[in-house]
Structures are given as structure tokens and as C-alpha cells.
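*Asks:* Residue strings, one per chain:
2 protein chains.
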Amino acid sequence: MSYELYYWPSIQGRGEFVRLALEDAGAKYEDIARGKNGVDVMMKQMKRHGVFAPPFLIHQKVVTSHTAMILHYLGPRLRLAPKAEAARLRLHGLQLTITDFLVEVHDTHHPIANSLYYEDQRAESLRRAKSFRESRIPKFLGYFETRATLPFSYVSLSLFQVMEGLDYAFPETMRKTNYRNLRKLQEKVRKRLAPYLASERRIPFNQSGVFRRYPELDG
Amino acid sequence: MSYELYYWPSIQGRGEFVRLALEDAGAKYEDIARGKNGVDVMMKQMKRHGVFAPPFLIHQKVVTSHTAMILHYLGPRLRLAPKAEAARLRLHGLQLTITDFLVEVHDTHHPIANSLYYEDQRAESLRRAKSFRESRIPKFLGYFETRATLPFSYVSLSLFQVMEGLDYAFPETMRKTNYRNLRKLQEKVRKRLAPYLASERRIPFNQSGVFRRYPELDG
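These protein sequence lines are chains A and B, in that order.
Per my numbering, the very first residue in the first sequence carries number 149; after that it's consecutive.
Per my numbering, the very first residue in the second sequence carries number 149; after that it's consecutive.
A couple of the hints might just be wrong.
What the simulated footprint calls covered on chain B by chain A, stretch by stretch (three residues with Cβ under 8 Å from a Cβ of chain A suffice, anywhere in the stretch; the number is not a length) [claimed, not checked]:
{"#": "1", "stretch": "174 to 187"}
{"#": "2", "stretch": "206 to 212"}
{"#": "3", "stretch": "305 to 311"}
Quick list of in silico lysine-lysine cross-link-like pairs, BS3-like style, CA-CA up to 27 Å [claimed, not checked]:
{"#": "4", "chain 1": "A", "residue 1": "287", "chain 2": "B", "residue 2": "192"}
{"#": "5", "chain 1": "A", "residue 1": "209", "chain 2": "B", "residue 2": "209"}
{"#": "6", "chain 1": "B", "residue 1": "231", "chain 2": "A", "residue 2": "332"}
{"#": "7", "chain 1": "B", "residue 1": "195", "chain 2": "A", "residue 2": "195"}
{"#": "8", "chain 1": "A", "residue 1": "231", "chain 2": "B", "residue 2": "287"}
{"#": "9", "chain 1": "A", "residue 1": "192", "chain 2": "B", "residue 2": "195"}
{"#": "10", "chain 1": "B", "residue 1": "231", "chain 2": "A", "residue 2": "195"}
{"#": "11", "chain 1": "B", "residue 1": "287", "chain 2": "A", "residue 2": "176"}
Some chain A residues well away from chain B (every beta-carbon gap over 10 Å; in silico) [stated by the list, open to error]:
{"#": "12", "residue": "234"}
{"#": "13", "residue": "244"}
{"#": "14", "residue": "347"}
It should be emphasised that the hints constitute simulated quantities derived from the structure, not laboratory data.
Treat the numbers as computed from the prediction; the structure is a model and nothing was measured.
Note that CB positions come from ideal geometry on N, CA and C, so glycine has one too.
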């Protein structure tokens with residue numbers, strides 16, 4: 149039975165990490181909110197299943213929410229994670245660290261409130277982005293760099309997406325970095341996913357997702 | 149074999165959610181960093197096992213990190229979660245929503261950078277806390293309120309801790325709210341955990357944890 153993915157239809161956002169796993173595995177899935185009346189359907193399902201926010205996935209009556217948990221569920225099923233508990237949980241921990249990082253990426257352009265426009269929290273964004281560039285990118289990518297050579301898994305796909313996103317949002321900052329393992333992994337995944345990345349299923353980066361390009365935040 | 153919990157020894161923080169589950173179950177555990185040279189031991193173990201940050205748990209060679217994942221692991225073992233996959237994942241999703249909320253709680257006093265003192269990001273904190281009080285508390289607690297009547301689990305213990313923390317950090321704001329299910333649950337857990345809460349194992353709330361009391365942030 150095919151997977152039903154529910155996520156905002158016009159952004160990569162957090163849902164993209166799930167899409168990459170489904171695409172890499174060649175899994176049969178429907179990106180429900182991108183279909184007709186898709187967002188309405190998504191909101192109804194969200195309410196029905198008591199889910200707090202997209203993304204969520206429905207598969208054989210099992211409802212999973214949160215990017216990291218969806219990938220934890222999909223991992224062994226898509227052969228993108230081992231089945232043994234300890235190894236599987238280790239990957240889940242890595243993915244949760246990526247989740248933590250994504251919150252920080254998002255908050256570079258929304259440090260005060262999600263409900264306010266970027267323009268209304270620009271001064272605070274400048275301050276937060278500075279700390280993000282100088283402290284948080286090195287801390288997180290330094291850690292991910294040591295994990296980039298682990299056996300291929302859904303985490304590899306997510307690390308690719310993190311690098312792509314940072315290259316989009318912080319091109320100048322990223323140009324000055326040197327994460328060899330992560331760059332190698334990024335190239336590898338780009339080749340693996342070439343058909344998907346060239347398809348219209350891959351939504352381009354834009355100014356509504358987690359990764360946004362505001363040159364002033366790039367230092 | 150007993151559980152080894154690793155977390156900062158002087159705060160409740162995220163580790164407290166794990167402590168509550170272990171205490172409620174009467175599990176045998178060691179709060180390693182609170183022992184002799186505890187923080188040194190913790191840092192060594194963290195490095196050794198490639199963990200990004202505390203809290204983490206070691207049990208029979210399985211290393212789990214991140215509060216929500218540790219609880220996901222402990223749940224069925226402590227009889228604080230069902231064993232069936234769908235139900236177990238549903239709880240994990242709820243706990244991850246609590247994780248998301250805790251980031252927002254933390255960022256009310258650290259909206260710019262973790263590495264800066266509160267006093268150096270006070271103006272931004274005032275703005276962020278306003279949005280937190282007016283939009284985020286209602287959004288999250290409104291959701292948790294609908295989940296507070298689910299069968300008792302580690303999530304129940306975590307919701308207790310969320311309420312205790314908010315009462316400590318935002319007493320005026322919380323006084324004006326009316327979450328009957330959450331309040332009932334809070335009372336129930338307070339009774340259940342009375343011996344622990346009265347013991348010196350329960351670290352008091354303080355100005356270094358996730359929940360901090362700055363009256364100016366309470367509106």
C-alpha cells in the first residue's frame with residue numbers, strides 16, 4: 149500500500165526530508181496536499197488524527213508526525229536504516245539533531261515570532277544570524293562532518309538537504325567553509341537523486357521555506 | 149541492569165522529563181553527572197558515543213539521546229507506553245511536540261543566542277515573550293489540553309512538568325488560563341510523584357534551566 153505524505157505544497161520545508169527518502173527508495177507515495185483541494189484534505193486529516201502540525205504520514209492506519217519520527221518509521225521499510233534497535237535509534241538521534249538545527253536555521257529569519265513578517269523582525273534577525281553563522285554552523289556542521297561517513301541511510305539524504313539549504317541561504321558563509329566529508333556526501337546524493345532533483349516534484353527553494361536567502365543575513 | 153542517565157547536574161532542564169519517568173516507574177537508575185566528577189564522566193561518554201548533547205541514556209550498550217527518543221525507548225520498558233508500534237509512535241509524536249514547545253519556552257529568554265546572557269538579549273526577549281504568551285501558549289496548551297485525558301503514559305508526566313514549569317516562569321499568565329484537563333492531570337501527577345518531588349533528587353527550578361522566572365517576560 150502506498151504512503152500518504154501530508155505537507156505544505158509550495159515549499160520544501162521539513163517535508164522535503166521525507167520526500168528525499170521516499171524518492172531515493174523509489175517508494176510509491178502520494179504527496180496529498182499537492183493534489184486537488186490538497187490543503188483542505190490535509191487539514192481535515194490533521195484534525196481527524198489529532199496531529200499538531202505537518203508533515204505527517206499515513207501508512208496502513210499508522211499515523212506518524214514530525215520529520216524525524218516519520219523517517220524513523222520509514223527507515224527500515226525503505227531500506228534506509230537497519231532494523232536492529234540500537235543502530236536504528238542512533239540514526240534517529242542524528243536526525244533529531246538535524247531537527248534541532250533546522251529550528252535554528254528557521255529562527256535566523258524568524259527570531260521573534262512565526263506570525264510576524266521577516267521585515268518586522270529584521271533587526272533581531274541580523275543579530276541572531278550573526279551568532280548562527282559564527283557559532284552554530286560550525287558547531288552543528290562540525291558534528292555532522294564526523295557523521296557524514298557513516299553507512300548510507302536516510303540521515304545521509306537529510307545531510308545533503310541541509311547542505312543544499314545552507315548553500316542557498318548562506319552562500320557566502322558556506323563558501324568559506326571546508327567540510328570535506330559533507331561535500332563528498334552532497335555530491336554523491338546529488339547524483340543518486342538526479343532524476344528527482346530535475347523533476348517538477350522537487351519544489352525550488354523559495355522565500356517561504358526553512359532556508360531563505362536574505363543577503364544581509366549572510367554577513 | 150540499571151539505567152545510566154547523563155544530564156547537567158544543577159538544572160531540571162530537559163533531563164527532568166526523563167527523571168520523572170524513571171522515578172514514576174521506580175526504576176533503578178544513576179544520575180551520573182550528579183556523582184563525583186560527574187560532568188567529566190558525562191563529557192567523556194558523550195564524546196565516546198558520538199552524542200551531540202545531553203541528555204542521553206545508556207542501558208545495556210544501547211545509547212539513546214534526545215529527551216523524546218529516550219522516553220520512546222524507556223516507555224514500554226517502564227510500562228509507561230504500550231508496546232504496539234502505532235500507539236507507541238503516537239506518544240512519541242506527542243512528546244516531540246512537547247520538545248518543540250520547550251525550544252520556544254527556552255527562546256523566550258534566549259531569542260538571539262544561547263551564548264549570550266539574558267541581559268544582553270533582554271529587548272528581544274520582551275518581544276518574543278509577548279508573542280509566546282499571546283499566541284504560543286494558547287496554541288500548544290490548547291492542543292495538549294485535548295491530549296491530557298489519554299491513558300496515563302510518560303507523556304502525562306511530561307505534561308505535568310510543562311505545567312509546573314510554566315507556573316514557575318509565567319505565573320501571572322498562567323493564572324489567567326483555564327486548562328481543566330491539564331490542571332487535573334497536574335494534580336494527579338503531583339500526588340503520584342510526591343515522594344520524589346519532596347526529595348533532594350528533585351532539583352528546584354532556577355535561573356539556569358529551560359523555565360526561568362523573569363517577571364518582565366510575564367507581561
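*Asks:* So if I understand the rule, the pair passes when the alpha-carbon distance is 27 Å or less; does residue 231/B with residue 195/A pass?
*Replies:* holds, 25 Å
*Asks:* Is the straight-line distance between the alpha-carbon of residue 231/B and that of residue 332/A 27 Å or less?
*Replies:* violated, 40 Å
*Asks:* For the pair supplied as a hint, residue 287/B and residue 176/A, is the alpha-carbon distance within the 27 Å limit?
*Replies:* violated, 34 Å
*Asks:* Residue 347/A: least C-beta distance to chain B exceeds 10 Å?
*Replies:* holds, 30 Å
*Asks:* Please count how many residues of the stretch 206 to 212 of chain B have a CB within 8 Å of a CB from chain A and say whether that reaches 3.
*Replies:* n = 4 at 8 Å, threshold three: holds.
*Asks:* Does the structure keep residue 192/A and residue 195/B at a Cα separation of 27 Å or less?
*Replies:* Violated: residue 192/A and residue 195/B sit about 45 Å apart, past 27 Å.
*Asks:* Mind checking, does the stretch 305 to 311 of chain B have 3 or more residues with a CB under 8 Å from chain A?
*Replies:* violated (count 0)
*Asks:* Please work out if residue 195/B and residue 195/A have their alpha carbons no farther apart than 27 Å.
*Replies:* Given pair residue 195/B, residue 195/A is violated - Cα atoms ~42 Å apart, limit 27 Å.
*Asks:* Take the stretch 174 to 187 of chain B, compare each residue's beta carbon with every beta carbon of chain A, and decide whether three or more fall closer than 8 Å.
*Replies:* violated (count 0)
*Asks:* Say whether it holds or is violated: residue 244/A keeps its Cβ farther than 10 Å from all Cβ of chain B.
*Replies:* violated, 4 Å
*Asks:* Measure nothing beyond the straight line between the CA atoms of residue 209/A and residue 209/B; if it is 27 Å or shorter, mark the hint as holding.
*Replies:* violated, 33 Å
*Asks:* Would the pair residue 231/A and residue 287/B pass a check requiring their Cα atoms to be no farther apart than 27 Å?
*Replies:* Roughly 36 Å separates the two Cα atoms, so the pair is violated.
Hints 1, 3, 5, 6, 7, 8, 9, 11, 12, 13, counting from the list given before, are not met by this structure.
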